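**Student:** If you're matching them up, the sequences are chains F and Y in order. The working numbering applies: residue 1 is where the first sequence begins, and numbers increase by one. The working numbering applies: residue 415 is where the second sequence begins, and numbers increase by one.
What the hints contain is simulated information worked out from the structure, not anything from laboratory work. Be a bit skeptical, because a hint or two may be false.
[What the hints assert, rightly or not] DSS-like, lysine-lysine: derived pairs with alpha carbons at most 25 Å apart:
{"#": "1", "chain 1": "Y", "residue 1": "K632", "chain 2": "F", "residue 2": "K329"}
{"#": "2", "chain 1": "Y", "residue 1": "K431", "chain 2": "F", "residue 2": "K329"}
{"#": "3", "chain 1": "Y", "residue 1": "K522", "chain 2": "F", "residue 2": "K329"}
{"#": "4", "chain 1": "F", "residue 1": "K409", "chain 2": "Y", "residue 2": "K431"}
{"#": "5", "chain 1": "Y", "residue 1": "K522", "chain 2": "Y", "residue 2": "K632"}
{"#": "6", "chain 1": "F", "residue 1": "K409", "chain 2": "Y", "residue 2": "K632"}
Just so it is clear, the structure is predicted and the values come from calculations on it, not from any experiment.
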Amino acid sequence: MNLEFGSEYDDFTKEVEKFCKEFSGATITKDDKKFEMHDALSGNASNSSGKSVGRSEWQKILIEKGFFARSIPKEYGGFGGEPDIIKSRIIAGAFAKYKVPNAMGGQGIDMLVPTLLEWGTEEQKQQYIESTLLGKTIWCQGYSEPNAGSDLASLQTKGELVDGNWVINGQKIWTSTAQFSQMMFCLVRTEPQASKHAGISFILIPMDTPGIEIRPLVDMTLKAGFNEVFFDNVTVPEENIVGKRGEGWSVANSVLGHERGSLANPNATLNRLNTLINLMKEETIDGRRLIDVASYRDRLLQIQGKVLAVQANSLRLLSAKINPGQNVKLGGMIQKLVGTELRHELEGLAIDIMGELGTLYEDDPNVRGGGSWQFTYMYFLGLIIGGGTNQIQKNIISERGLGMPREPKVQVEV
Amino acid sequence: MYFGLSEEQESIQDFVKKFLDDNATVDEIRKIANGEGEEIENNIFEGILNLGINTLLVPEEHRGLGAGLLHAVAVAQSLGSGIGPIPFVGSYVMAPIAINLGGSEDQKKNYLPKIADNAIRFGVGMSEFVGAREDAGIEFSKNKLNGRSLFVLDAEKSDFLILSDKSGGLFVIDSNAKGVVMNKLTTVDKTRTFHEILLKNVDAEILEKTLDNNEIAKKVIDAGRIILSADTLGASEAMVEKAVTYSKERKQFNRTIGSFQAVKHMCAEMAADLEPCYSLVWQAAHSYDTEEISSSRLLACQSKSHISEVAKMISKKATEVHGGMGFTDLLGLHYWFKRIGLNRQILGAPEIVREEAAELQGFNQ
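Please model the complete structure; the sequences and the hints are all you need to start from.
**Tutor:** Printed below as a string of structure tokens:
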């Protein structure tokens, strides 16, 4: 066991810390409301005091320094560095320590860019990656459908090739940020004769194409920003396909694993735990600090034990990336299940300890944390269901992780 | 950067595990539990001692291996998974640490090499430092000890005892000295022994550096808690493995029960909650070894408390997966259930250690 990164990283650490001190507590000016609530989700502090920078400008600064898009080639707008997990870790650690706002995330940056790097044509990489990194092109993901949730591969949105164009008809659901997006990456059934998984293609769709209708899908948080998207003869050029016809399932799955891990980032969970501890020191009942109430305190400590465990688990996973061949057993596979349940429990504890005050929401003048406790509590219930429900996760863990037999196939009556 | 057990640590872990798999089967454990297995018990103990577990935490200058606590964690995981019916946490973890940290040079020279040479063995009693039940406790005055100590670890057939008073002073007595009465306690766990010790004017020496300094007692407790966490970790791992294996073999309704989601999900829940515990316990031990006092004490408390909760869930669900057989002595699953149950209460049950963790962080004023 050795948790030191080594002296060869000393200079780099100093460089990152110098930058972080300069931008400590900085805020990103919000061009619109879409990122506001999501600060709590990613564990970013909301009431910062420091410099104010525009979103796109901030992305640019981070790329120039190599603190974002580090291993993405220069010709596509990245920093062009060698992938170095330890450096990424040092950056993330210093940003958290000095409360420097993280680079923008989202489905374009987290999912589409790695997908294009692996599967995209040269033209596609040139056209989309840089503007996505700078936050100029926002993407939404068109995967789930009303009848294709956990069983995503049964999706039915249809794409036909007519005169060199894809003509798309059907419906997507759970499409977050659709109303702000310039583009969608979409799974479409283009080979109706092929088997379930082999009939899907991965297609890029400009959101201003005629025939697209976006309807807000109001969710329990009232603020998560999901949508339903309807396609009525939506026509896009043939070259908007990523990978070959029928390869869409493989294209999509090459980065889905990445999404599952990021749904429950242990650092964000730790930040929220620290925010919760502060809340319990500030709030009182009958004049007594909530942290001095033994039953509340014990629940806090139980959660802290879980947070420390997932933090330690993420160190072990980091170690496995640095030391190829290290066996971490189920360490990766359990992250989504354990992480989302833990976060839901943590946010729920904040509500419980506030009692009646914990029920305040939205713009109530007495609401704590900008309503983020209720919002995140509910949002994480959504994440327990989304990204492969936690019941599906348990199937994966038991079947692939523990080698337990699959459920026998049920004979479908015709 | 490397987070995990070293090859050397994994190797001693495998040796202990293999030895117990071969020599401490459920049939043999059952004989020991029923009081008919003294010879088996001695053979198992001797075999494991041959792997050098008594030398691990004795410094090299006192003829030991001078390894860290993480090394002992590796061993403890295997003792837990194989429910090793031998003394370990008291005799070979807490005792050498107490003497090494608390003893004078003479005391170290007197005791440590003999532990490493297996010439003497210690039992350890510190329950009253953590929290006294029934007003138990010992008092030291004029080189004599009086009083009562409960749940003393590894005292059976020991040569010496290290006992703590309520304020963390650590005292050494001869187990066979005049005025010592040892009563074996009947606990649910038959794989290890626990004693009540009654003392009447017993000759005792204080480990010199523990006079008016409870920091050493705290460090001994930290180490004991981390090792008990590792023991529970191993026992939990074994229970999950047994549940999964059983579910792949047992058939009902013309299917292996492991193909039912109700069963699969219980197994997945156990495995998912257990996996991060390895990392937590290892990090706690590493932190102890690198002397990051502030974080290591918190991690020791939180390992003990968190793994105890996870293991309680596992010991219940794994038994349920086995159905009626889980409840019987035929499979002997209850030996693991009870070992987990005992580890949970000893050296601080979850609520007690969480309260300590809160104090450490200045939460309660």
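**Student:** Are the Cα positions of Y:K522 and F:K329 separated by 25 Å at most?
**Tutor:** Answer violated: Y:K522 to F:K329 is near 41 Å, above 25 Å.
**Student:** Does Y:K632 lie within 25 Å of Y:K522 when you go C-alpha to C-alpha?
**Tutor:** The given pair, whose Cα atoms are some 19 Å apart, holds under the 25 Å limit.
**Student:** Checking one constraint from the list: CA of F:K409 to CA of Y:K431, max 25 Å. Satisfied?
**Tutor:** Distance of about 39 Å is beyond 25 Å: violated.
**Student:** Taken at face value, is the distance from the CA of F:K329 to the CA of Y:K632 at most 25 Å?
**Tutor:** It is violated: about 34 Å lies between the C-alpha atoms, which goes past 25 Å.
**Student:** Hint check: F:K409 vs Y:K632, CA-CA at most 25 Å. Holds or violated?
**Tutor:** 57 Å, violated
**Student:** Do the alpha carbons of Y:K431 and F:K329 lie within 25 Å of each other, as the hint requires?
**Tutor:** 18 Å, holds
Of the hints listed earlier, those the structure fails to meet are numbers 1, 3, 4, 6, in rising order.
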